Amino acid sequence: MRRLGWIYLIAIFTFIFLPVIVLVLFSFQDSRLPVPPFDGPTLKWYVQVINDRSMMEALRNSAFVAFTSAAIALLLGFLAAQGLSRVILPGSVLMRGLLIAPMTVSYLIIALGLLTVFNNLGIRPSLWATGVGHVVINLPLCFAILFAAMGDHQKNAERAARDLGASELQVVFLISAPMLKPALLAAYFLSVTFSWDEFIIAFLLTRFDVTLPVEIWSMLRSGLSPATNAIGSIVFLVSISLLVLLEITVFRKPKS
Amino acid sequence: MTLEHEERRRAFGFVAPALIWTCAFFLIPFAVMALLSLAHLEGRAIIQSYDLGNYIKIFTEPSFFKSIVVSLEITLTVTVLSVLLAWPLAWIIATQVPPHYQRLAIMLAVLPFWTSYVVRSYAWALVLGQNGVVMQGLIGIGLLDEPIQIMATRTATVIGFVHFFVMLLTLTIYSNLIQLSPNYARAAADLGASGWQTLRHVILPLTLPGIMTGAFLTFVLCIGDYITPQILGGNNELTMPQLIMLQLGRRGDFPMASALSVVLMAIVTLAYAATARWLKMERV
Amino acid sequence: MMQKSINAGLGSLTAVMLSTTSLWAADELNALVWCDHTDPALLEPFEKAHNVRVNVKEYEGTAAGLAILDQSRPGDWDVMVIDGVDVGRAVDEGRLAALPADEFDTGTFFPEVVMPENNTRDGVTYAVTEKFGYNTITYNAAKVDLEDMNSMSSLWSGKYDGRIAIYDYYLPLLGLLGLEQGVATSDLDADAVEALRDRLYALKEAAQSVSDVVASQTALATGEVDVVIGGGEWLTAVLAAENPDLNWSIPKEGALRWTQSIAVLEESENKDLAVEFIKYITSPEGQARLATSSCYWAMPANASAGDILTDDEKSTLRWDQQADYLSRTQLYPIPDADLDLAMQDLWTDMLQQ
Numbered sequence: 001m002r003r004l005g006w007i008y009l010i011a012i013f014t015f016i017f018l019p020v021i022v023l024v025l026f027s028f029q030d031s032r033l034p035v036p037p038f039d040g041p042t043l044k045w046y047v048q049v050i051n052d053r054s055m056m057e058a059l060r061n062s063a064f065v066a067f068t069s070a071a072i073a074l075l076l077g078f079l080a081a082q083g084l085s086r087v088i089l090p091g092s093v094l095m096r097g098l099l100i101a102p103m104t105v106s107y108l109i110i111a112l113g114l115l116t117v118f119n120n121l122g123i124r125p126s127l128w129a130t131g132v133g134h135v136v137i138n139l140p141l142c143f144a145i146l147f148a149a150m151g152d153h154q155k156n157a158e159r160a161a162r163d164l165g166a167s168e169l170q171v172v173f174l175i176s177a178p179m180l181k182p183a184l185l186a187a188y189f190l191s192v193t194f195s196w197d198e199f200i201i202a203f204l205l206t207r208f209d210v211t212l213p214v215e216i217w218s219m220l221r222s223g224l225s226p227a228t229n230a231i232g233s234i235v236f237l238v239s240i241s242l243l244v245l246l247e248i249t250v251f252r253k254p255k256s
Numbered sequence: 257m258t259l260e261h262e263e264r265r266r267a268f269g270f271v272a273p274a275l276i277w278t279c280a281f282f283l284i285p286f287a288v289m290a291l292l293s294l295a296h297l298e299g300r301a302i303i304q305s306y307d308l309g310n311y312i313k314i315f316t317e318p319s320f321f322k323s324i325v326v327s328l329e330i331t332l333t334v335t336v337l338s339v340l341l342a343w344p345l346a347w348i349i350a351t352q353v354p355p356h357y358q359r360l361a362i363m364l365a366v367l368p369f370w371t372s373y374v375v376r377s378y379a380w381a382l383v384l385g386q387n388g389v390v391m392q393g394l395i396g397i398g399l400l401d402e403p404i405q406i407m408a409t410r411t412a413t414v415i416g417f418v419h420f421f422v423m424l425l426t427l428t429i430y431s432n433l434i435q436l437s438p439n440y441a442r443a444a445a446d447l448g449a450s451g452w453q454t455l456r457h458v459i460l461p462l463t464l465p466g467i468m469t470g471a472f473l474t475f476v477l478c479i480g481d482y483i484t485p486q487i488l489g490g491n492n493e494l495t496m497p498q499l500i501m502l503q504l505g506r507r508g509d510f511p512m513a514s515a516l517s518v519v520l521m522a523i524v525t526l527a528y529a530a531t532a533r534w535l536k537m538e539r540v
Numbered sequence: 541m542m543q544k545s546i547n548a549g550l551g552s553l554t555a556v557m558l559s560t561t562s563l564w565a566a567d568e569l570n571a572l573v574w575c576d577h578t579d580p581a582l583l584e585p586f587e588k589a590h591n592v593r594v595n596v597k598e599y600e601g602t603a604a605g606l607a608i609l610d611q612s613r614p615g616d617w618d619v620m621v622i623d624g625v626d627v628g629r630a631v632d633e634g635r636l637a638a639l640p641a642d643e644f645d646t647g648t649f650f651p652e653v654v655m656p657e658n659n660t661r662d663g664v665t666y667a668v669t670e671k672f673g674y675n676t677i678t679y680n681a682a683k684v685d686l687e688d689m690n691s692m693s694s695l696w697s698g699k700y701d702g703r704i705a706i707y708d709y710y711l712p713l714l715g716l717l718g719l720e721q722g723v724a725t726s727d728l729d730a731d732a733v734e735a736l737r738d739r740l741y742a743l744k745e746a747a748q749s750v751s752d753v754v755a756s757q758t759a760l761a762t763g764e765v766d767v768v769i770g771g772g773e774w775l776t777a778v779l780a781a782e783n784p785d786l787n788w789s790i791p792k793e794g795a796l797r798w799t800q801s802i803a804v805l806e807e808s809e810n811k812d813l814a815v816e817f818i819k820y821i822t823s824p825e826g827q828a829r830l831a832t833s834s835c836y837w838a839m840p841a842n843a844s845a846g847d848i849l850t851d852d853e854k855s856t857l858r859w860d861q862q863a864d865y866l867s868r869t870q871l872y873p874i875p876d877a878d879l880d881l882a883m884q885d886l887w888t889d890m891l892q893q
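Protein chains in written order, with the numbering used here: chain A, 1 to 256; chain H, 257 to 540; chain Y, 541 to 893.
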């Protein structure tokens with residue numbers, strides 16, 4: 001049984017890592033085709049993508065949309081979770097359902113709906129339009145994580161603060177938010193990740209100021225080259241570094 | 257009484273911004289799109305005819321109807337395969353790996369999740385091609401005489417999908433497994449159950465919520481995905497999102513794209529209804 | 541050298557990351573284009589010379605391009621690259637602005653691609669041809685019988701089953717299938733198109749995939765397929781250095797010639813700059829850069845570009861054989877909106893077979 005387990009583990013990890021290893025390896029390919037035999041290593045494709053103006057702009061656009069839209073989604077989700085967890089409102093089940101609903105819908109549908117409405121209103125596709133869409137997909141996530149994290153001990157602390165004369169805003173931002181810090185951080189960074197990597201909404205709702213996944217997609221469609229591997233490897237490296245950084249700073253569990 | 261009233265008013269004030277956002281940028285757009293799906297394209301003009309012409313075409317035109325079938329077949333295959341592959345992985349990590357290393361193991365298991373989503377499918381295209389490392393490797397060790405065609409087939413699409421969703425399901429199932437008390441297994445053993453029986457009749461049913469939550473997310477994300485079948489499927493058949501993008505990108509046919517999206521939405525809603533009793537969407 | 545360019549790269553990365561406002565000059569030109577126009581090497585000389593920023597957005601088919609214009613506001617777009625045979629459709633819809641014809645000397649152009657019947661109407665010029673090439677048969681010479689490549693019909697013989705990729709664009713492919721059946725592209729009407737259905741399905745049956753530009757390139761370069769129908773120099777030129785066996789030729793049935801035109805949009809609020817841009821693109825320098833643009837290579841419409849292109853580039857483009865190719869190829873079919881939709885429906889049906 002134990003041996004079987006190890007064999008399974010090795011097989012499945014091979015499956016999981018195979019494309020990543022191939023991707024990174026052939027980013028160092030010397031010739032134009034990222035297929036065996038490997039004839040590298042060279043860093044020229046990295047130099048090429050780093051010097052690519054539109055790729056670097058896309059990188060900046062993606063970072064901007066991800067951090068901004070995640071912040072808005074977090075704020076809205078946090079407030080909603082506050083409201084719905086403190087008292088039972090009439091129709092609160094319905095409201096919860098509505099807030100969660102976008103999570104159960106394909107992104108393509110959300111994108112097409114927004115595109116239709118924006119077209120009718122004469123709003124140009126832009127980074128902002130994309131950001132609006134990303135808030136729609138991340139709001140349910142933030143709400144769900146924070147709603148689940150709010151418990152009785154927190155309600156008690158809030159009540160105590162209120163009894164002591166704290167204003168509503170003071171309660172929310174000085175009592176509730178700090179108590180929920182781990183959940184808030186988790187929700188925020190998960191939202192950043194989803195927005196950062198989202199393709200179809202950004203594809204349909206941007207014009208010139210595209211995000212990184214869209215830029216990579218057009219790169220992919222305009223010619224086969226290890227440069228695609230290089231940008232993929234860079235994104236991977238940046239994500240992993242951020243992840244490790246977060247892991248050892250923010251999410252490190254206190255030793256018990 | 258008034259205090260409670262005041263409290264409710266205030267609570268509603270907190271919920272309102274999120275509700276307004278969701279209504280303005282999710283509900284209303286969907287309604288507008290549904291309305292648009294009742295129009296049709298004539299030449300290049302959109303005629304608002306308020307009829308079901310697009311829907312009739314979707315369900316009677318073989319090439320349109322087939323996209324529903326193709327999408328469902330691929331999505332169900334992917335969901336089942338992903339669950340079958342992810343469950344043992346989650347179980348091994350949760351029970352066989354020392355607790356101290358579990359977090360590391362689970363992070364490793366989902367590491368490729370952090371590559372760019374567009375690039376991931378492209379990487380599989382490189383891996384699965386006739387000159388790719390898999391075929392050349394299999395030929396190298398003598399298992400194959402010549403490469404077999406996997407790239408540009410449904411198999412390639414399924415492999416690309418399964419790779420992603422195994423990671424997702426491993427997460428949901430693992431988080432379900434570690435919440436189970438070890439007492440269940442102990443009690444079953446005390447009652448004389450074998451290891452296998454315990455697994456099959458005690459542990460497995462208790463992980464149904466994790467499985468179902470992950471399976472539902474897999475279903476939704478898979479059936480709505482355009483990139484993976486477009487890169488790996490070789491256009492040998494069309495899924496619903498591919499057909500939708502074809503309507504948008506080539507024909508400029510917004511009404512038909514909307515109608516297809518409404519059908520896609522209906523399918524997802526059915527899937528939700530089928531799995532709803534196990535889902536804890538608020539606690540993903 | 542390497543170190544220096546890495547430093548330069550990191551420097552520009554930092555600059556881009558730090559700047560929160562636009563780095564660029566206030567004046568912008570918005571262009572709706574094909575992917576060859578996104579090459580910075582093509583745009584930068586113009587941007588520097590006029591101190592402007594050229595924004596480009598790619599689109600796929602003419603119908604989709606016109607739909608983008610429908611959904612835009614006046615002034616959103618200044619320049620459009622459009623299929624030569626579709627200029628008439630755009631003129632019908634009143635999309636294109638009249639060009640100052642005297643500023644565009646087509647005297648040095650390859651005469652076959654000036655196409656006044658497409659680019660002008662009632663003596664008014666609306667567009668200028670900028671680039672052309674062929675949709676024909678591309679193949680790996682090491683893997684096929686060269687004899688077979690003289691006839692399109694050999695693709696249906698069974699000999700190449702599973703080794704063919706179909707280029708995913710309905711207009712040239714239906715045109716090629718018409719030629720194979722002895723129908724000139726100008727005679728392709730609704731009935732003639734419908735008559736191609738079985739032939740198209742049979743081709744799909746024999747094909748490994750229906751692929752866009754990169755997927756066809758990948759498939760051909762990695763040995764996944766040996767023949768691409770619909771391909772041409774635009775498919776093989778960038779791979780010529782890697783694999784000299786990749787080749788293309790025009791079979792005895794003939795093949796299709798594509799042309800792309802560039803035009804100023806009627807609703808542009810920046811027409812003078814747009815005209816300047818077209819002048820640059822059709823100048824010998826712009827033409828040479830466009831011909832060898834990173835997305836795909838193809839022949840420049842203006843033969844003066846030959847003075848700037850290197851001999852290697854010209855031989856990759858097969859500069860010297862153009863007279864023969866031009867005489868043996870036909871323009872794309874020109875469907876009206878209804879026939880266009882019918883063709884696309886047929887194409888969708890084929891994909892789903």
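For the record, the hints were derived by calculation from the structure and aren't laboratory data.
If you're wondering where the values come from, they're calculated on a predicted model, not measured in any experiment.
We treat Cβ as the ideally placed atom computed from N, Cα and C, and that holds for glycine.
Among the hints, erroneous ones may be present.
[What the hints assert, rightly or not] To list a few chain A residues with every Cβ distance to chain Y over 12 Å, as calculated: (1) Gly-91; (2) Val-93; (3) Thr-104; (4) Ile-123; (5) Arg-162; (6) Ala-177; (7) Pro-182; (8) Gly-223; (9) Leu-245.
[Said to hold, decoys possible] Computed list of lysine to any residue pairs in SDA-like fashion (alpha-carbon distance at most 20 Å, straight line): (10) Lys-792(Y) with Asp-688(Y); (11) Lys-44(A) with Ser-834(Y); (12) Lys-597(Y) with Trp-128(A); (13) Lys-155(A) with Phe-268(H); (14) Lys-683(Y) with Glu-260(H); (15) Lys-181(A) with Ile-404(H); (16) Lys-683(Y) with Asn-387(H); (17) Lys-155(A) with Glu-260(H); (18) Lys-792(Y) with Ala-781(Y); (19) Lys-322(H) with Lys-744(Y); (20) Lys-588(Y) with Ser-54(A); (21) Lys-313(H) with Asp-889(Y); (22) Lys-597(Y) with Asp-209(A); (23) Lys-699(Y) with Ile-404(H); (24) Lys-597(Y) with Asp-52(A); (25) Lys-683(Y) with Pro-403(H); (26) Lys-744(Y) with Ile-406(H); (27) Lys-811(Y) with Glu-568(Y); (28) Lys-744(Y) with Ile-404(H); (29) Lys-322(H) with Ser-834(Y); (30) Lys-597(Y) with Ser-54(A); (31) Lys-313(H) with Ala-882(Y); (32) Lys-44(A) with Ala-781(Y); (33) Lys-155(A) with Phe-270(H).
To see whether the hints hold, each was checked on the structure:
1. Gly-91: Holds: least Cβ distance 37 Å, greater than 12 Å.
2. Val-93: 39 Å, holds
3. Thr-104: With a cut-off of 12 Å, Thr-104(A) remains clear of chain Y, as the shortest Cβ separation is near 28 Å.
4. Ile-123: Given a closest Cβ separation of 9 Å, the condition is violated.
5. Arg-162: Arg-162(A) is indeed farther than 12 Å from all Cβ atoms of chain Y, at 40 Å.
6. Ala-177: 27 Å, holds
7. Pro-182: 29 Å, holds
8. Gly-223: 6 Å, violated
9. Leu-245: Answer for Leu-245(A): holds, closest chain Y Cβ roughly 17 Å.
10. Lys-792(Y) with Asp-688(Y): 11 Å, holds
11. Lys-44(A) with Ser-834(Y): 16 Å, holds
12. Lys-597(Y) with Trp-128(A): Holds, at roughly 17 Å.
13. Lys-155(A) with Phe-268(H): OK: Lys-155(A) and Phe-268(H) at ~17 Å, within 20 Å.
14. Lys-683(Y) with Glu-260(H): Roughly 82 Å separates the two Cα atoms, so the pair is violated.
15. Lys-181(A) with Ile-404(H): Violated - the C-alpha atoms of Ile-404(H) and Lys-181(A) are around 52 Å apart, more than 20 Å.
16. Lys-683(Y) with Asn-387(H): Holds. Lys-683(Y) to Asn-387(H) sits at ~15 Å (cutoff 20 Å).
17. Lys-155(A) with Glu-260(H): 15 Å, holds
18. Lys-792(Y) with Ala-781(Y): Distance of about 28 Å is beyond 20 Å: violated.
19. Lys-322(H) with Lys-744(Y): The hint holds at about 17 Å.
20. Lys-588(Y) with Ser-54(A): Holds: Lys-588(Y) and Ser-54(A) sit about 16 Å apart, inside 20 Å.
21. Lys-313(H) with Asp-889(Y): Answer holds: Lys-313(H) to Asp-889(Y) is near 13 Å, not above 20 Å.
22. Lys-597(Y) with Asp-209(A): Holds, because 10 Å separates the two Cα atoms, which is no more than 20 Å.
23. Lys-699(Y) with Ile-404(H): With Cα atoms ~18 Å apart, Lys-699(Y) and Ile-404(H) stay inside 20 Å; holds.
24. Lys-597(Y) with Asp-52(A): 17 Å, holds
25. Lys-683(Y) with Pro-403(H): Roughly 16 Å between the alpha carbons, so the hint for Lys-683(Y) and Pro-403(H) holds.
26. Lys-744(Y) with Ile-406(H): The given pair, whose Cα atoms are some 17 Å apart, holds under the 20 Å limit.
27. Lys-811(Y) with Glu-568(Y): 12 Å, holds
28. Lys-744(Y) with Ile-404(H): 19 Å, holds
29. Lys-322(H) with Ser-834(Y): 37 Å, violated
30. Lys-597(Y) with Ser-54(A): 12 Å, holds
31. Lys-313(H) with Ala-882(Y): 14 Å, holds
32. Lys-44(A) with Ala-781(Y): 17 Å, holds
33. Lys-155(A) with Phe-270(H): Distance of about 15 Å is within 20 Å: holds.
Hint compliance for this structure: hints 4, 8, 14, 15, 18 and 29 are not met, and every other hint is.
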